[in-house]
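Novice: Can you build the whole structure from these sequences, using the hints too?
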Amino acid sequence: MVFVAPFVIAYLVLFIYPTIKLIILSLTDGPLIGSGKWVGLHNYIRLASDHLFKQSVTQTVYFVVLTVVPNTAIALGIALMVLRLKGWLQSAVLACFFLPYILPVTVVTQTWLWVLDKEFGIAQYLIAAVVGSRVPVFHEADWVMPMIAWVTIWWTNGFNVLLFIAGLRNVPQDYYDSAALDGASRWNQFRHITWPLIWPVTALVLTIQLILQFKIFDQVYLLSGGGPFNKSQVILLQVYVQSFALNHGGYGAAMSMFLFAMIVVFSILQFQVLRVRVPR
Amino acid sequence: MTIGISRFRITAVGLTIFTLACAVCWAFPLYWLAVTTLKHEYDTVKPGLNLIPSDPTLDSYIFVIEHTKIAYWYVNSFVTATTITVLAIVISATCAYAISQLKFPGRKLLWGLVLASFMVPLTSLIITHFILMNDFGLINHWGGIILPQLITPVTVIVYKQFFDGIPKEYREAAVIDGAGEFQLFYRVYMPMTWGVTTALAIITFIGAWDAFLWPFLAQTSDEMMTVTVGITQVHEAFGVQYARNLAVAVMAAAPVVVAYLVFQRRVTDAIAISVGIKG
Chain A
13 MVFVAPFVIA
23 YLVLFIYPTI
33 KLIILSLTDG
43 PLIGSGKWVG
53 LHNYIRLASD
63 HLFKQSVTQT
73 VYFVVLTVVP
83 NTAIALGIAL
93 MVLRLKGWLQ
103 SAVLACFFLP
113 YILPVTVVTQ
123 TWLWVLDKEF
133 GIAQYLIAAV
143 VGSRVPVFHE
153 ADWVMPMIAW
163 VTIWWTNGFN
173 VLLFIAGLRN
183 VPQDYYDSAA
193 LDGASRWNQF
203 RHITWPLIWP
213 VTALVLTIQL
223 ILQFKIFDQV
233 YLLSGGGPFN
243 KSQVILLQVY
253 VQSFALNHGG
263 YGAAMSMFLF
273 AMIVVFSILQ
283 FQVLRVRVPR
Chain B
516 MTIGISRFRI
526 TAVGLTIFTL
536 ACAVCWAFPL
546 YWLAVTTLKH
556 EYDTVKPGLN
566 LIPSDPTLDS
576 YIFVIEHTKI
586 AYWYVNSFVT
596 ATTITVLAIV
606 ISATCAYAIS
616 QLKFPGRKLL
626 WGLVLASFMV
636 PLTSLIITHF
646 ILMNDFGLIN
656 HWGGIILPQL
666 ITPVTVIVYK
676 QFFDGIPKEY
686 REAAVIDGAG
696 EFQLFYRVYM
706 PMTWGVTTAL
716 AIITFIGAWD
726 AFLWPFLAQT
736 SDEMMTVTVG
746 ITQVHEAFGV
756 QYARNLAVAV
766 MAAAPVVVAY
776 LVFQRRVTDA
786 IAISVGIKG
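Protein sequence lines, in the order shown, are assigned to chains A and B.
Under the numbering used here, residues 13 to 292 are what the first sequence spells out, in order.
Under the numbering used here, residues 516 to 794 are what the second sequence spells out, in order.
Simulated from the structure, these hints should not be mistaken for lab results.
Treat the hints with caution; some may be incorrect.
Stated by the list, open to error - Below, computed lysine-lysine pairings styled on DSS-like, alpha-carbon distance capped at 30 Å:
(1) A:66 to A:49
(2) B:561 to A:33
(3) B:561 to B:618
(4) A:98 to A:227
(5) A:66 to A:98
(6) A:49 to A:33
(7) B:623 to A:130
(8) B:584 to A:130
(9) A:243 to A:130
Specialist: The structure is reproduced here in structure tokens:
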């Protein structure tokens, strides 16, 4: 009993209680701190007609589309490239790709705000060469989400690369040897050996990404603050604004419940994916 | 045949060069971050590609150390990240040990709850965590940063799987020698988890050091911020002072970068273990 007590207490106080409290709060019109009136499902009904919230859902989905598949594809490409190398060169190259992942998000955003700075950013030479002029990327409606997605990919890619490398190392070399003997091209080896064998890892990476990117907040808050014209408005930012800036605890809680429900659904999906993996 | 081989070689060399070029480009922003902090403020805004500072200086670091609360932020980050790491490991390991090795009522239920909480995003609980920490009077205290970050179901799951894999003979032998549950746990089981424990500890520490959203909400006074949150304050206080802003960022990143470079293998193993590919 003594063994489970610390965890159970922490779990009840810091997990079960806040979850129940969140559900109750979402059914009231209360402020962040203090009590409010019971309003039933009013907050949830209000969500359905809240344009800004709908915008935030749309932009979150847009962000998920911009990050999940590209991040996975880039990670697979990098993993394949890294695995061709040997010895210290492999470690050094892997470190280049992995290092951003361990950085605090604020370091990542500070770095990119500087690299992409409109006046003095070094990447503006590249942007000017491609589109003809300097672009304040986090203040342009068309640029803001793709650029936040790019910074996110740069930051989180290393994690996925590691998973792919672990997966690719499990593919027996014999398969490639005999395929090469049969004269299979590199592309065919990839399509018929690598791809099917690492599909479980790919599915895992995709679902992890889906859950992670749906919770986007930090990068948006730090890079664009949701602007311009709410073009980078996302769900968690709305939760933050409603409950902490506007002090609408109850309404913010309803938004939180929406996010909560979405992620539980994705997680069940992930659980299914993981379960499929186990017998292998 | 020889032509085939040499063509193959050329492609291989080309691919290697391409890989190296990608790696250099990928890491370039980090180089640019580091190198900018070594420039004078007026050099950072000079047009052109000044890839190597003509006149390197540590001015921006000295300025930051003298004019910001970075010393406080470091202490806050170290204290909270270390406490989170130690407590999360102890709580998770003991709980996992009980679920794996002991028989008690509610064991199945507890395990089910751990697995279920794996699916629930803690970020959706920020509102009620804030209310709870406020009720405890822990906003702007270390405790306020630490407590909500102690729920780490993944750590419990990893430990449980590890303990499940330890042969029963160890347990039986120790019991015959008269060992109690605590001795079994500390003397027999925990020492075997050393590799897993260090790996989990390192990624828990890095995770706690890097955490942004919760520490950002839980601390409103300058002196109680963690480094990760503090960086954003500097930006607001200095205005357009690139070298100084970035010097703070480098200082915030330094401990985790060092931790990664020293424990490279452990970090990568930990990630693979916690996702369950190797575990």
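Novice: Checking one constraint from the list: CA of residue 66 of chain A to CA of residue 49 of chain A, max 30 Å. Satisfied?
Specialist: Given that 30 Å is the threshold and the Cα spacing comes to 25 Å, the pair holds.
Novice: Holds or violated: residue 561 of chain B with residue 33 of chain A, Cα cutoff 30 Å?
Specialist: Not OK: residue 561 of chain B and residue 33 of chain A at ~54 Å, beyond 30 Å, violated.
Novice: Has the given pair, residue 49 of chain A with residue 33 of chain A, been kept, meaning a C-alpha gap of at most 30 Å?
Specialist: Holds, because 14 Å separates the two Cα atoms, which is no more than 30 Å.
Novice: Straight-line Cα separation of residue 243 of chain A and residue 130 of chain A no greater than 30 Å?
Specialist: holds (19 Å)
Novice: Take the C-alpha atoms of residue 561 of chain B and residue 618 of chain B, compute the straight-line distance between them, and say whether it is at most 30 Å.
Specialist: violated (69 Å)
Novice: Compare the distance between the alpha carbons of residue 98 of chain A and residue 227 of chain A with 30 Å, and conclude whether the hinted pair is satisfied.
Specialist: violated (37 Å)
Novice: Between residue 584 of chain B and residue 130 of chain A, is the straight-line Cα distance small enough, at 30 Å or below?
Specialist: With a Cα-Cα distance of about 29 Å, the restraint between residue 584 of chain B and residue 130 of chain A holds, given a limit of 30 Å.
Novice: Next pair to validate is residue 66 of chain A with residue 98 of chain A; report whether the Cα-Cα distance is within 30 Å.
Specialist: violated (49 Å)
Novice: Mind checking the alpha carbons of residue 623 of chain B and residue 130 of chain A for me, to see if they're no more than 30 Å apart?
Specialist: Between residue 623 of chain B and residue 130 of chain A the Cα gap is close to 57 Å, so the pair fails against 30 Å, i.e. violated.
When held up to the earlier numbered hints, the structure conflicts with 2, 3, 4, 5 and 7 and fits the remainder.
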